[in-house]
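Visitor: For the record, the sequence lines run as chains A and B. Heads up: take any position in the first sequence, counting from 1, add 342, and you land on the numbering used here. Heads up: take any position in the second sequence, counting from 1, add 1, and you land on the numbering used here.
Just so you know, these hints were derived from the structure itself, not from any lab. C-beta: ideal position from N, C-alpha, C; glycine also. Misleading hints may appear alongside valid ones.
What the hints assert, rightly or not - Derived lysine-lysine pairs resembling DSS-like cross-links, with alpha carbons at most 27 Å apart:
{"no.": "1", "chain 1": "B", "residue 1": "Lys-51", "chain 2": "A", "residue 2": "Lys-387"}
{"no.": "2", "chain 1": "B", "residue 1": "Lys-271", "chain 2": "A", "residue 2": "Lys-387"}
{"no.": "3", "chain 1": "B", "residue 1": "Lys-164", "chain 2": "A", "residue 2": "Lys-573"}
{"no.": "4", "chain 1": "A", "residue 1": "Lys-361", "chain 2": "B", "residue 2": "Lys-164"}
Stated by the list, open to error - Partial selection, computed: residues in chain A whose CB lies under 8 Å from chain B:
{"no.": "5", "residue": "Gly-363"}
{"no.": "6", "residue": "Ile-462"}
{"no.": "7", "residue": "Gly-466"}
{"no.": "8", "residue": "Phe-547"}
{"no.": "9", "residue": "Ala-589"}
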Amino acid sequence: MITIDAVGMHYRELNVLIKEGIKRGIKKFFLENVNGQYYIGDGIKGDDVVITINGVPGNDLGAFMDGPTLIVNNNVQDNIGNTMNAGKILVKGDAGDVVGYGMRGGRIYILGDAGYRIGIHMKGYDEQFPVIIIGGKVGSFFAEYMAGGIIVLLGLNDNNSDEFYGEYFATGMHGGTIYLRKKIDFSKYSKEVELYEADEDDMIFLKKYLIEYSDSFNIPRGQIMGKPFYKIVPSSARPYAHLYTSA
Amino acid sequence: MTKSSFSNIQSEYLALVDHNKCVRCKRCIQNCGWGVYSFGGDRIISDHNKCVACGRCYTYCPEGAISIVKNPTVVRENANWKDGLMKDIWRQSETGGILISGMGTTFKYKKYFDHVLLDACQVTNPSIDPLREPMELRTYLGKKPSKLDIEFDKNDEPILKTKMPPQIELQTPFVFGAMSYGSISLNAQKAMALAARALGIIMNTGEGGLHDDLVPFGKNIIVQVASGRFGVHRDYLNSGIAVEIKIGQGAKPGIGGHLPGEKIGVDISKTRMIPVGTDAISPAPHHDIYSIEDLRQLIFAIKEATDYEKPISVKVAAVHNIAAIVSGIVRAGADIVYIDGYSGGTGAAPNIIKNHVGIPIELALAQVDERLRNEGIRNEASIIAAGSIRSSADAIKAIALGADAVAIGTAALVVMGCHVCGKCNTGNCSWGITTQRPELVRRLDPEVYGEKLYNLISAWSHEIQEVLGAMGVNSIESLRGSRERLRGVELTDTELKVLGIKHAGF
């Protein structure tokens, strides 16, 4: 276990300390007074490494990360879990724009809201199966070009409002599944997706992730799972095929 | 002669079989990826409509019985309404689709390389004989320090104190252009990897990830990160000698990648991590890059993930404001900028973009080099010029216009048998290059074509040495950006000004 005081520290210095610590075999890191440092956990490996962050980390948190767990006790900024391959990011606050861009595995759980461009081009294959769960609401361009994995949007924070997503929802989605805890306005769909009520198999499948999510944030399980879920899947694996003619 | 059909679009070529010569070995049926040939019981039958004149059948016909000819049937045309334009209209009126094709533009814009001539020594300064004297082609790609700190030890020997940024060492100033696994076959990539290793140069994965079979070639590979982030993960970034962020491509500036579902089999599905048969879509922008500052953020995200040990290249298409754009890219921290001219190739791009968007590499290159020099940052990044380098002459001229090295894509495919038919998007390539059909891929022997690629680059390198000798310089570095050694012919004052060269005679 190691505690690093990040006051006034450049990200490069901070990341060298983390990488060297991992090399020395340290499994638990506590970063104190983090204040906007970019790239924390960028490209690090190690399935049993846990980094707890106090303060607000800067952009690209956990980019290209491959195994470790990052626990953030505050909000995070943009671009967390960028092209992440494995591991887990827990955010006990809100997230900025671009969460899990091109994500290929691992889990990102956000307690609060998230901004624009969440889960763009998430992908998956076999055991590589990325999962994003967002407790609150999200902005526009959600799940664009989604190609694999799952995103769960809970809309927990305001049970009276259905306004928990923005424009251009799931545009160009061609793989993976989106689960919603509330039904959404059909007119706001992208043309490429279809809505169904989640069936029993879906719920059995979702349960382990939802339990992990609620336990991570000390939310009573019943508060999340008490309502029916809906799922959104692509209507075609080739949403744009009809657009082209071979010259 | 042609079978009439209800489409206005007549076959472009006729696949004619001389039945007196034909021995019915059916090799043409087997070789044609387009399904032109079939056996009619006693003779070979051709479906001319399917022929793209890729040349595979007559190359492998043991009897020389096949001729591919342009369809002599007249489509009435005039200077304004050409055959091709009418065909495009018919095609689009039948399908309502965006016309899409492979390879570079087919339009006849001015090729500036063909209007630039090289200098040579006569009397007043001696030329050098490259057969007898050393002629250095070695090139280093990467950021160069603006000054060197040197200390002297107690024996007065100099010690370099400056830490050199990471460099790629090329034995000759060529690299293979980015062509992804998916757009081309694994065997085509392997041929380039073998040649790159033997030549001491590099190839580029393109945006389709790195197949396991290519991992051992890491020292000769640039791995690419594009907007679809296909195959990108930590180990991938660390498996090559450098990482390239693809922003744009000369054949399709401003739009993303599009690998048609026909080419997404199980193996491609696995490396790209998308469903089988889906279209692999790379969005037009990276959705984490909306500005130069964002680009800087990704450059340093990758530098962090690779411990600052790899040069980072940024690939852009040559467009109108390219000099300012490249200046921004260099200031964002790129170690290499790869500029792709409008006639560069592609696996698939809409014709409307390919034929009408972008600018020639020659003009872009001259302007970029000048801008970076004027701003005092030319040393901050190396420049790779591409799109389309068709010969060693193009390469030499590009270097004299300011490039550190050139990339070849289409030329490398031509080595493998490509006849530039432009149908890469269909996945039926009879030469086994731009296809994923196993029976077609199998016929491309990586070792055979690796050696041919080696031969081509060796030949071009010797040609460059010949020219350098004639110019009286003994290293490629002495030619770089040396526009005084270039003269223009048949160019306007404006064109000469943009290129930064004098007209021949001056």
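Visitor: Compare the structure with each hint and give your call.
Guide: Structure-based check of each hint:
1. Proposed proximity of Lys-51 of chain B and Lys-387 of chain A is contradicted: the alpha carbons are some 51 Å apart, above 27 Å.
2. Of the supplied pair hints, the one linking Lys-271 of chain B and Lys-387 of chain A holds, its CA atoms being roughly 22 Å apart against a limit of 27 Å.
3. Between Lys-164 of chain B and Lys-573 of chain A the CA atoms are separated by roughly 55 Å; this puts the pair beyond 27 Å, and the hint is violated.
4. A hinted pair counts as satisfied when its Cα atoms are at most 27 Å apart, and Lys-361 of chain A with Lys-164 of chain B qualifies at roughly 22 Å.
5. Hint on Gly-363 of chain A is violated. Least Cβ distance to chain B is approximately 15 Å, over the 8 Å limit.
6. Proximity of Ile-462 of chain A to chain B holds as hinted, the smallest CB-CB distance being about 5 Å (cut-off 8 Å).
7. Restraint check, Gly-466 of chain A versus chain B: the minimum CB separation of about 6 Å is within 8 Å; hint holds.
8. The closest approach between the C-beta of Phe-547 of chain A and any C-beta of chain B is roughly 18 Å, which is over the 8 Å cut-off, so the hint fails.
9. The restraint placing Ala-589 of chain A at the interface with chain B holds, with a minimum CB-CB distance near 4 Å, inside the 8 Å limit.
Violated hints, in rising order: 1, 3, 5, 8; the structure is consistent with all others.
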